[in-house]
Structure formats: structure tokens, C-alpha cells
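K.L.:
Both chains come to you apart, so use the hints to assemble them.
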Amino acid sequence: MADVSLHGVAKSFGATEILRDINLSVDDGEFVVFVGPSGCGKSTLLRIIAGLESVSGGEIRIDKKRVNELPPADRKIAMVFQSYALYPHMNVYKNMAFGLKFAKTHKAEADRRVRQAAEILKLTPLLDRKPRELSGGQRQRVAIGRAIVRNPSVFLFDEPLSNLDAALRVNTRLEIAKLHRDLGATMIYVTHDQVEAMTLASKIVVLNQGRIEQVGAPLELYRSPRNLFVAGFIGSPRMNFIKGQVLRAEGSNVTIGFAGTEATLDVRPGSVNPGDHVTVGIRPEHMEAGGAESTSLRGTIDAVEQLGESSYVYMRLASGDDVIVRAPGETEATPGGTYTAHVPTRALHIFDAAGLSVLPDQS
Amino acid sequence: MTIRPGRIAVHIALILYTILALGPIFLILINAFKTRRAIFADPLGLPNGQTWTTIGFDRVFANSDFGLYFFNSLTVTIVSLVLIVLIGAMAAWALTEYRFRGNTILSLYLAIGIMVPIRLGSVSILRMMVELNLVNTLTALILVYVAQGLPLAILILGEFIQQIPKDLRDAARCDGVSEYRIFFSIILPLISPAIATVAVFTMVPVWNDLWFPLILAPGDGKQTITLGVQQFIGQYVTDWNAVLASLTLAIAPVLALYLLFSRYLVRGLTAGAVK
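Line by line, the protein sequences are chains G and R. First residue of the first sequence: 10, per this note's numbering; consecutive thereafter. First residue of the second sequence: -14, per this note's numbering; consecutive thereafter.
What the hints contain is simulated information worked out from the structure, not anything from laboratory work. Predicted model, so just to flag it, every value in this text is computed and none were measured. Every residue gets a Cβ at the ideal spot worked out from N, C-alpha and C, and that includes glycine. Careful, some of the hints might be misleading.
Distance condition first, Cα-Cα at most 30 Å in a straight line; then the derived DSSO-like pairs of lysine-lysine [said to hold, decoys possible]: (1) Lys110/G <-> Lys151/R; (2) Lys113/G <-> Lys151/R; (3) Lys73/G <-> Lys252/G; (4) Lys131/G <-> Lys73/G; (5) Lys151/R <-> Lys85/G; (6) Lys139/G <-> Lys110/G; (7) Lys151/R <-> Lys139/G; (8) Lys74/G <-> Lys85/G.
Chain G is nowhere near these chain R residues, computed Cβ spacing over 10 Å in every case [as the list claims (entries may be wrong)]: (9) Ala(-6); (10) Ile13; (11) Thr20; (12) Arg22; (13) Trp37; (14) Leu140; (15) Leu153; (16) Cys159; (17) Ser170; (18) Ile171; (19) Asn193.
Chain R with its partners taken away, still in its complex shape (with noise of 0.2 Å):
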């Protein structure tokens, strides 16, 4: 097999692509295991017998409420990520398999969500949630990603949901098998890599969000993760060792999760539907 040299060049740029992003998670993982003065002096340096150090783990664990931020950013992202799944793929399923009037009005609308980022709403979005007394819940948090990522959601579920033979849907039909049946026992299953991607792709903002905890759910115990990290970055002092090791804490989850998804991500499963 000889190898093209258009094939050499997409994987240097992947490669470099890859380096890239994977980086900066390597500098915080290797430097949360460093003392301070090595994290200045040597920022590239890989921890050594003088440099190791856990006490940024102890701080965190010491000085803040890591357990409760952790649980918090944990809570709302999986609230957040079953409901815009299971909302976004019913949506998905009633936009692309139903005519009603109004249909195109209604996927406009919702494509339109796409591209407007609702962080210009923030301040109404606040005052709403002032009024509904959700101010420092959790609530109001998942509300708000779940309204995010539901547009995206939506379009990319509709795609494959369209992809998926009709005849299924209409053997389905003929077999007596009822609309919700369809949808939970048929439908659900031959999108998950959709519904992996689309899980993907909402979660890691959701759990990276700083914005609307900062806004919505600042106190009363409700802090996310990215807020309790915020506490050791202040005007004046910052402590680094207790940040980085808070942030690859932080790392885990979402890694954890992303493995969990990308196991479907490559496989199609409509294979052997039809033909």
C-alpha cells in the first residue's frame, strides 16, 4: 500500500491539531502535581522528586466545598443533558415525521436559536428568574442549558431521525405498535450515535459555564465547579496550585462522560435496517 502524500499532509495537520488542544490539559495536569515555585520556574517541566507536591488537592479539599461544587456542576449537567436529549429528540421526531400547520414556522424559530447566543438575554433572564424566585437554585441553572442547547439539539437529531428508513416507522405502524412505542423503541435506539454526539457537544459548555452560575446561582451552596475554582483566583494573590489541582478535578468528569459517549459516536446502527 504506498501512502498519498494528501493522506501524510490531513494527518500532520491532526496531529498538530491534536497537540493543540491537548496541550494546555497536560500543563494542568502535570503542573496541579507541582509546588509553586516549580510551577513559575519550570511551567513545562514534568513533576520530579523535588517539585512533587499534593498540596493543592489538600487545600481544595480543605478550604472549599469541592464535594458540593463538584456534586452541583455534576447535577445540573446530567439534568441538563437528559432533558435536552429526550426533549430535543421528541421535538426532533415531532418536526420531522408529522406535517402540521406551522411546522416550518416552528424549525425556523428554532434554527434561529442556533444563532443568537442567549447570553444577550442574561439580564431578562436574571429578572425572570428573580420573579419566579429560582434565583441560587439549580433549577435555574438547567432552565436556562437546557433552553441553550435544545435549538442544536434539535437540528441535529432531526437530520439522522430523517435518515432513518420510513419504512421502519410505517412497518412499525403495521405491526400496532403505537406512536411512543415507536418513538422509545425504535426511534431512541437507531440515533444514539446522534444522540452521543449531540450529548458531547451540549455538556462540555454546560460544564464549562461560568456565566450564568456567576449570574443565577452565585451562592446559598449552589455553586458550580467553575465558581468554587474561582475562589482561589483572587484580585491580588492566586493560588496556583490549589486552581490547576481544582481544574483537574474538574477534568474528570467530562472526560469520563465523553468516553462513555464515543464509544457510539463511530458506529452507525441502522446497519442491516434495509437493502
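For reference, chain G alone in the conformation it holds in the complex (with noise of 0.2 Å):
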């Protein structure tokens, strides 16, 4: 088992610069997921530390020791693709045990992880099987018993639902639970799937445009999102952004109105003067909390999306910002009424004209 680390980890491409200044620790038995949108780095970020990718400055670090210039086998990793990447002339047994006969394994020694790992990942009845003659799961599960046999200090795993249909896609997400359980080893798992993150891990390192947005528990990117991008990006539907301006400031104590309303709140002291341009975020599923100190928003509706144990509004403001509601249960709402939503003060994110947030840290 290891922990990894990066400091100060660049890479360029020719004159583009895909990642910049990345610093990060994993900690031992760690599942840490990096999330962003296609093209922010994330994966070049995983195949930096897998030693796929040769880094332009920085240095990584895997159980304390240097790895930059050791190739991908020296390193105590083990990946896992998107596309599976299973050997399609191999049948099951020796795609697993194919990385084994190099890396000096005893023979019965192989064959008994082999076996292992197919008795976990419930292949026994496939050992013989080719690639082409398997399911897009069992693959799957192929490419994950090709890492386990490895016995490798860290798991790598690149988007490796994303080929899977949604009901396949939430058993492996559970089984890869599971499997992080049993095994105690330090994952690091790539995806653009919010849910996914959500769910696996016990840190998500927000990426975008090759710089590390935010790093924290699922729940703390949830509830204090350090700025719009990750505001945005954490939570689905995302969060409703309002234009707003600073009414009065008295020390932390500030005045914000947006859409014709305003709400008072805490935020840190300083960070904000009054006259300045802010934008206030709200969650969709906040936006009919209600409660003591809440602030009506009243708009015209555009759409009404009923799924039974939530509806979704989509209303426009008179102020002409668009925003999604999700109410509890079902709605009389119909398209061309108007709606009334009641947002309580707590739940209202506020973020600078540089997009940071100004709210107090919670932590």
C-alpha cells in the first residue's frame, strides 16, 4: 500500500499547456476521483502517474519514493482503461496472467492470484473465454482482475464505467466499492460522472482546464464549493446562478439584491463592498426549502418536468434569469403560470466578480 503526492506537476503539449502547478497528496487507502470536464487534464493527470506520460516539470511521488523516471511496471500501479484494453487474441486467464509471466512470478503463484482474482470478480466460469466472446461487464471485470493479479499498491482507473449501460454502471460502481473496501489499497479513478464521484469517493480533486479547482470530501464540494466552476459542476441539476449586487455592507454582515429581491448574510469580512457585482447561486433542490428566513423568487413558467418523486420548474425571473426548480413530489404548475419559489438565506452561495466564493469556510 502507498500514498502518492505531486508537487508542482506540468505538462505541455508542444506550446499547449495541459496541466499547470498541479499539487496533491493521496493519502494511503485513499479513493480520491478526479472529476472535470472532457479536455481538463484529468486523465493526462492519471497517465502522468501511471508513467504513461512523461512530465514537463514537478515531481511525483509513490510511497515516498521519486517516480518520474521509472517506467509504468516499476511503479507498484496498475490501470485500468476505458476501452478495458483486454489482449483480443488472449482468452481470460492469460489476459490476467499475461503481466505476470514478466514480471517474474512463480507460475503457481500466478495461477493461484489468477484464480483469485477471478473468484472476487465472479469470472471463474469465463477463464477460458476471449474478449469478443464477453459482455461489455465482464470485460470490465477482465480489465479489473488484470489489475488485481498485479497485487499493486495503487489502482488507476480511467472513466471505467463510461462504456457500461446505466444499470451495469451501478452494480460496477458498487462492486468497485466494494472492491476498495476488501482490498484497503489507494485508488484514483478518473470521470466526468458527478455521480460517480460522488459516490466513490472519499475525495474529489475538481479539475478544469488543467488546474486543480477544488480538492475535498463530496459532501464539503457540495455544501462549499469554493467557486463557480465547481458550484457548477457538483450537483445535478446545477446550481442556478442570479446576477446580484452588494445593497450595504457592515463588517461581515452584507445585503444582496438579486431579482428584484434581497437576502442578508454573513460572508468574510472585507471580501465584499457595497456596489459590487456578485453572483448568487442556488441549488435547485434548495429552492423551495422555505423556512423562517427565506426569500420569495417569482417568475413565469416555461416548463414543468414531472419524474414522479420530483418536479422540476424551469421559470424565468422577471429580472430574465433562467432557473431550475426541484420540487418534492408532484406540482399543479403548468407551463405560462407563474411560480413562486422560497429559498431560505442559508442556502444561498454568493460568489465575487472573480467568481470566488465569499461565504465564511464552514470548516
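P.N.:
What follows is the structure in C-alpha cells.
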């Protein structure tokens, strides 16, 4: 088992900067998820840790040892690829045993490990099959099995579920979570799916345009996103953003006007001044929470989606902002009508002109 | 199921082409078993009781070292084939997989090799072989054929190697497989359809070539089968029985090799690798 740390890691292809100044530490046994939109550099970062890409700068340490110059095989890592990358001309058994042959593993030991991994992943009846004779889920399990037999200190997953259908994805997600509990190994997992990130991670790393936007536990990111990007990225449907302005400020207590209404709340002292333009963020699921200290937002309904357990009301406020309300249960709202949402003040997120959250640190 | 007119047209065209391609071979085969008189009197007729003869084959085996020529041709073809495929695949792998200085220039240089006919260099090749003391050796022929076959082989194999998902190589690298092993245990098996294609395309011209055997290895028992056939074609008299018989014998191995490789031509092996 091992920890992983990155110090000032940078990567550029020619003049294009893919990653810049990445600093991150992954503790032993942690399940870290890299999440971000496509092209944010998350896969590149994973491949750098694997040793499949070189870095343009910085240092990678695995188990406290600098591994910049080591080839993938010597880094005690195993990687599971999005495309599974099974050797098509070998059966399941050989696919899993292939790497062991070159790691100078004793034959009997290799056989024991392959059979054990097959047992864990319920692949035993499939050992003689070729990859083309397997379903997508089975192929993915073989790819995971190939990683397990190497007995790595760090598992690397590169979007392993994105080629599976929805039902299988949930299943495999649970299996990966269970695998992490059983093996206790450090795992780094790349995905663009925030649900995977929220459910699997003990720590989420949100990447955007080659930079780390925020690192934290899933709920920490949900509750107190550090900036507009993280706020918009974590949560589904995404957070509503409404333009606002600071009306009054007395120390940490400010009053913000937005969408024809106003709210008074605490921010970090001195972070905003009267007259500043800010962005107010409200999660759709908090739009209907109501409560003692709440603000009403009224608008015309554009569309309504009934999901049974909740309803999405798409509405346009008088200020011109489009927002989504996630109301619990069924709703009687109909397109064309008016709708009033009751937003509790404590559910408001305030971001300054640079897009950074001005709310006091909750940690 | 309805048959669209377009498909019929395609089939007609293909059938016509097949007839065109197989016709001469068929003529050689039937006439090889006919008497000389019958060959000229009725070239398109099948051999019957009166015209049937194997005199051509008897004469081929009696009057020439057919076995030796055959062996020479086979040696040259197979050794060239193995070298072209092996070196070609390795070069294609290197050119597509590794980024190094001069990569593009080298690829372009090889592409030019496809366009410039090697026969233009016959004189200098002959001079070189004389200096190297390789005249009248099979080595001379093999060297020339390898040079002739490599550019196209590298191009075709490179295209195929590029289609192999990059993840496969990366997975192998994570598995601790050496670059040589990746090439031999993963890349080569996966491009076997392409190798079959290259083998067929390379084999036929090598086997059929008359030019280089004629100038580089015309004697010393190093003649290839195409040269062997020539000895029955005289300036004044041509022994058609023997020519046709030796041609028939010469077709057999190409046909056998073709059938061997064509099994791989059709199917793709990468199914199931990814997604």
C-alpha cells in the first residue's frame, strides 16, 4: 500500500499547456476521484501518475519515492482503461496472467492469484473465453482482474464505467466500492460523471483547464464550493446562478439584492463592498426549502418535468434569469403560469466578480 | 429480400473480372495436358482421350533441373517474404509508435520507394552485387526483393498498427511487458490480417519476377523457376508442352501460399479488444 503525492506537476504538448502546477497528496488507502469536463487534463494527470506520459515539470512520488524516471511497471501501479484494453487474442486467463509472466512471478503463484481474482470478480466460469465472447460488464471485470493480480499499491481507473449501460454502471460502481473496502488499496479514479465521483470518492479533485479548482470530501464540495466552476459542476441539475449586487455591507454582514428581492447574510469580512457585482448561486433542490429566513422568487413557468418523486420547474424570473426549481413530489404548476419559490437564506452561495465564494469557511 | 440492381451490376463486373483473371490460368492448365498438335489446333478445348499427354511434364523433369529451380524460387520467395514482413512490421511499429527526430522524413523517404520502380536502378544494383561478390547467389535476389517489398509493406502495416488501440500498448506497458514483447506478443498477432495481405502482395511479384534472376543470378545452378521456363522458349523453336507444364508446376506453390494467407485476409482479429 502506498500514498501518492504530486508536487508542481506540469505538462505541455508543444506550446499547449495541459496541466500546470498540480499539487496534490493522496493518502494511503484513499479513494480519490479526479473529475472535470472533457479536456480538463484529468486523464493526462492519471497517465502521468501511471508513467505513460512524461511530465514537463514537477515531481511525482509514490510511497514517498520519486518515480518520475520509473517506467509504469516499476511504479507498483495497475491501470484499468476506459476501453478495457484486453488482449483480443488471449483468453481471460491469459489476459490476467500475461503481465505476471514478465514480473518473474512463479507459475504456481501466478495461477493462484489469477484464480483468486477470478473468484472475487465471478469470472471463474469465463476463464477460457476470448474477450470478444464477453459482454461489456464482463470485459470490464476482466480488466479489473488484470489489475488485481498485479497486487499493486495504487489502482488507477480511467473512466472505467463510461462504456457500460446505466444499470450495469450502478452495479459495477458498487463492486468497485466494495473492492476498495476489501483490498484497502489506494485508488485514483478518473470520471466526468459527478454521480460516480460523489458516490465513490473519499476525496474529490475537481479539475478545470489543467488546474485543480478544489479538493475535498464529496459533501464538502457540495456544501461549500470554493468557486463558480465547482458550484456549477457538482450537483445535478446544476446550480442556478443569478446576477446580484451588494447593497449594504457592515463588517461581515451584507445585504445582497438579486432578482428583485434581497437577502442579508454573513460573508468573509471585507470580501465585498457596497456596489460590487456578485453572482448568487442557489441549488435547484434548495429553491423550495422555505423556512423562517427565506426569500421569495417569482417567475413565469417555461416548462415542467414531473419525475414522480420530484418535479423540475423551469422558470424565468422578472429579472430575466432562468432558474430550475426541484420541488418535492408532484406539482400543479403548468407552463405559462407563475410560480413562487421560497429560498432559505442559508442555501445561498455568493460569488464575487472573480467567481470566488465569499462565504465564511465552514470547516 | 429484394436484390437491388446496383448489386447485380457489381456482381456482373466481379464475375467478368474473375473470368478475365482465371482464363489464362485455366488455358495453361488444360493445354499443359494436351499434345502439341492439339494445343495449336484447338487451344480452348479440354484434353480428351486422343489429345491427353503428359509429355511436357516428362520433358521438364528429364531435360532440366526443375527441382533445383523450384527450390531456388521457393527459397528466395519465402526468405524475402519473412524478411519483408518482419523488418516491415518492425519499421512500421517504430515509425508509428515512437516520435523521434527524422520520423516524418524517413516515412516520406520510404513512400518515395513505393513510387520509384526499383528496376531503374538495375545497372547500379548489378554493379554493387559484382563488387560484393554476390552475383549468381540467391542472397543477391533476396536483398533486392526485400528492398523492393519493404516500402509498401511498411505503409500497409503502419496503417494497420495505427488502428490498434493505443490503450492496448499502454495496458501492456503497465503490465511490465517489454517493448519487444509488446511487438511480438501483441502487435504481430493483431496485425496478422495485414501481414497476410502484405505477404500475398509481395509474394506474387517475387515468384514471377524474371528480370532480376536474369541479370543477377542467371547461372551456377541459382536459376529460379521463371528462368527455368525460359530455356524451353527458343529463338526458333519453343517447346510449348514443356513451357506450359513448367508454368503449371510454377503456379501450384503460389496458389498454396495464397490459400494459406487468404484465410486471414478476411477476418479482423481485433474484435473484442475494446468497447
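K.L.:
All the hints need checking, so say for each whether the structure fits it.
P.N.:
Do the hints match the structure? See the list:
1. Pair hint Lys110/G plus Lys151/R holds up; C-alpha atoms about 22 Å apart against a cutoff of 30 Å.
2. A hinted pair counts as satisfied when its Cα atoms are at most 30 Å apart, and Lys113/G with Lys151/R qualifies at roughly 25 Å.
3. Only pairs whose Cα atoms come within 30 Å are accepted, and Lys73/G paired with Lys252/G is rejected, the gap being roughly 46 Å.
4. Distance restraint check for Lys131/G and Lys73/G: the Cα-Cα separation of roughly 35 Å exceeds the 30 Å cut-off, and the hinted pair is therefore not satisfied.
5. Restraint check for Lys151/R and Lys85/G: satisfied, since their Cα atoms lie roughly 21 Å apart, inside the 30 Å limit.
6. Of the supplied pair hints, the one linking Lys139/G and Lys110/G holds, its CA atoms being roughly 19 Å apart against a limit of 30 Å.
7. Proposed proximity of Lys151/R and Lys139/G is supported: the alpha carbons are some 20 Å apart, at most 30 Å.
8. For the proposed pair Lys74/G and Lys85/G, the alpha carbon gap of about 11 Å is at most 30 Å, so the pair holds.
9. In this structure Ala(-6)/R is separated from chain G by more than 10 Å, as the shortest Cβ-Cβ distance comes to about 35 Å.
10. The Cβ of Ile13/R lies farther than 10 Å from every Cβ of chain G, with a closest approach of about 40 Å, so its non-interface assignment holds.
11. Once the 10 Å rule is applied to beta carbons, Thr20/R is consistent with being away from chain G; the minimum gap is 53 Å.
12. Even its closest Cβ contact with chain G, about 57 Å, leaves Arg22/R beyond 10 Å, as expected for a residue assigned away from the interface.
13. Distance check on Trp37/R: its Cβ is at least 49 Å (rounded) from any Cβ of chain G, clearing the 10 Å threshold; non-interface status holds.
14. Every CB of chain G lies more than 10 Å from the CB of Leu140/R, the least distance being 24 Å, so the non-interface label holds.
15. Leu153/R, annotated as away from the interface, has a beta carbon of chain G within 10 Å; the closest lies near 5 Å.
16. The Cβ of Cys159/R sits about 5 Å from the closest Cβ of chain G, inside the 10 Å cut-off, so the non-interface label is violated.
17. Not every beta carbon of chain G lies more than 10 Å from that of Ser170/R, the smallest distance being close to 8 Å; the non-interface claim is violated.
18. At the 10 Å boundary, the C-beta of Ile171/R falls inside the reach of chain G, the nearest C-beta of that chain being 6 Å off.
19. Residue-level check passed: Asn193/R sits 33 Å from the nearest beta carbon of chain G, beyond 10 Å.
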